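Chains as they are written, first to last, in our numbering: chain A, 11 to 213; chain B, 32 to 659.
One or more of the hints may lead you astray.
As the list claims (entries may be wrong) - Pair ranges (Cβ atoms, derived):
# : chain 1 : residue 1 : chain 2 : residue 2 : range
1 : A       : P42       : B       : I438      : 44 to 50 Å
2 : A       : G204      : B       : T493      : 20 to 26 Å
3 : B       : N617      : A       : S90       : 53 to 59 Å
4 : A       : R96       : B       : N197      : 29 to 35 Å
As the list claims (entries may be wrong) - Here are some chain B residues pointing at chain A (derived, C-beta under 10 Å):
# : residue
5 : D156
6 : A412
7 : R436
Derived by calculation from the structure, the hints in this document are not laboratory data. Quick caveat: nothing in here was measured; it's all calculated off a predicted structure. Ideal Cβ positions, reconstructed from N, Cα and C, are used throughout, including at glycine.
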Amino acid sequence: MRSLLKLYLFLSEFVERRFFYYYCKLSGDTHPKNWFDFRHRDFLERVSPSDVVADLGCGTGSLARKLAPRVHSVLGLDLSARPEQRGNLRFSQVDILSSACFELLRSEGVNTLVLSHVLEHLPDPVGFLGRLPAGKLLVCVPSCENWRYGAREKLGLNPLTDDTHVKEYSRALLREEVEKAGFNVEEVFFNGEGEIFLRASKS
Amino acid sequence: MRDPLKVYVLGGDLGGWALDTELRLAKQALSTVKGVTITESLGEADVLHTVWPEQLVEKESLRDLWRGKRVVASFSNDPLALFERVPGLYEAARDWICVGQSSLAVSGLRSVGIPRIEQIAYRADEGSFYPISQSDSRLHATRKKLGIPENAYVIGFFQRDSEGSNLSKPKVQKAPDFFASIMKEVYLSHPELHVLLAGPRRHWLRGELARLGIPFSFYGECTEDDDYPHGIISKEEMNLLVNCCDLNLVTSRWEGAPRALMECVAAEKKVISTPVGIAGDLLEPYCLFADLPSAVTLVLRDIRENLLSASIAPQKRRLEEQHGLSAVTAGWQTIYDRISPPETGRETNQKTHFHFVTKISSVATRIRRKIPLFTPMRKVAWVRKVHEPDSPQAQLDDALAQELRRIGCLTDSTRTADILLADGAPELVSAIPAGARMVLHRWGGPDAVTDDIQAWNGRFATHTLFSTLHDWVQAVQSGFKPRRPRIVRSSLFLAQSSPVETQNAGIIAVVGNREIPELAKIPRLERHHSILREGISRSSALLLLDDGAEARLAALYAAHLRIPALYPAESGVSEICGFCGLSYANDEDIPARLQSLFSHLEGLRLTALSPDPAETLLRYVTGKGDLL
């Protein structure tokens, strides 16, 4: 029966991933998880009009666009971003691990850092967080505190939900890494999608 | 009585350089070894004897030929320098009988764990070089023809000094820049100096000596174009020129021999050298110099006191004892006596199989490489440590990432990548997935090597990348077992950041935290890279107190800004600073060496050699053929 469970977990993961990959590719639509605000709500609720926000690893920029009306300005940074400026929203094509990115954060006077599904891709998250400028930090990462992750790991399957993830987080691990990088953690909780959300600050 | 071993001797380059002499002399020596017959057929050879080991690895057509055969590799250049420059040579050499031709070469081979090492001295080219009486009319005629003044002290430099690919660049190995700086300082104290040059590809040094206003003569036709091979001169002419000189200089950064040393000693002429190749075995200890001040002192003392004349007789004796045909043949005899004869039954099948497989695989490889479909770009994922923004490590990493991305081989997925480039930092070990096919482990230095990293390197790494030879040797000495070690030297990508104005005001920058009473009043530079860089740019000299990461960054900045450094001997920084600085063995030496450094600043600056960033990137991106 264990083998059957293993097969089920493997296939369900495989099919879901493949399905949404081709769905998005063929329809030109985004993943349904981006239709709603479950993932973004917590970010939107924690910014204020005076914030100069940098969305590091902004991808297509859906979160940055939602943040723009609520803050002073938003800078979306990603290697795949198309450079453009519209009102207080600007996208810049830059490797978020490069010196150019850190230089940009300094020169733009960024005081709020948004990291939505970024840290799990980085081999050296503490090193990366440690180089960020002072200010407010809002982080969202996938959680490993769920039965699917645990079962896949127990059965010897790759527990990660994406091939590009280096790891997935527990609340304790996320808090530990953020604190190691010199931030004071103010809150950590599961969001509406079961992912981990964290707010911290560094002065 | 066993059957004689059939030995195929190869390695000449047919270019008229020293390798052809090596090949000719090796064939001569082996022809007198009992139990050995030299064969002209590679197929029937039991043993391949090469005087150019790197050729067996570099040349595609030869690469498969030696597999399955016994190889005796006689290193005609510094083995460590070759291991750095020729990917795959180290791995191949572990299966060969490696012959070092000097104590230095043998200790180099031993230091990186080569298992089968023998020492046999170079064979002197007897008869080609001999002393000519100073009253001989040929010498007078030659000196007159070359316009050398009667009372001039003549210094010969007969090493090739320009890069073949770009004649306006100095040949790094032969260090003509170092030679020019020595000449500049000697000339200031002794204007009756005259430099004699000869041979092809001497363009850079001719230009540099002219620029510095040092009188010189060139034997041959001065052309702007490449004069190789028609500029090669005969041994007879060379002997005449060596005899025309009062002193010969070898300033190389690394060498196998060089043969110039044996030639000068055979001609009973004075010669001084950097401690490379056979210099330590052949020359008197006081004929060696490692830096500018000691070279200048040696030359000036010889001009004033005829200091080096006492070295001629013992060196000649040593040459005859160690480098004569009988001594060298006896060495080869010992080695070939130990090589077991071939097993007769297996021989034919092996050879047929060998030829068939070699031919097929060689043709298949060539076809496959021509069709891009069969050689898709391999994907690289980088388990990268995030360095301080804008620091040299960060700049190097940014440039590397950019280059990997430009050629389209960088991927985000460590699980699906063909190659994993992994920084050797303890905190990154967990980010490396098990089962990766090819893992390039960037060695993070002695501080970063924990038990975890050692175990991980042994289990997963396919290549270990070091930034200096010193690191590699240190790693091996400390029990670390590198996998297919490669040297990828660090360099600066300063173009990406703001330029620095140098304001050398006769002050010294000190990097390191050790307490030295004599230097208590001099403030240390802070670790931050921008402070380091600015501090160094405002100084005339740099003092490095250790071999840590900051010291290496500081050394790179200093080399880039042409600022001489005083550095600990036998360290990684010594490979960065090289001749543009002085080394010290212990703290007590520092004050005296500093004084010496300050009195030779201008000369030392001439020898600054900043690692080329393009070369560094190339090593990563192509690994000269084998990394990606």
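How the hints compare with the structure:
no.	hint	in the structure
1	A:P42 / B:I438: 44 to 50 Å	violated, 36 Å
2	A:G204 / B:T493: 20 to 26 Å	violated, 39 Å
3	B:N617 / A:S90: 53 to 59 Å	holds, 55 Å
4	A:R96 / B:N197: 29 to 35 Å	violated, 50 Å
5	D156	violated, 55 Å
6	A412	holds, 9 Å
7	R436	holds, 8 Å
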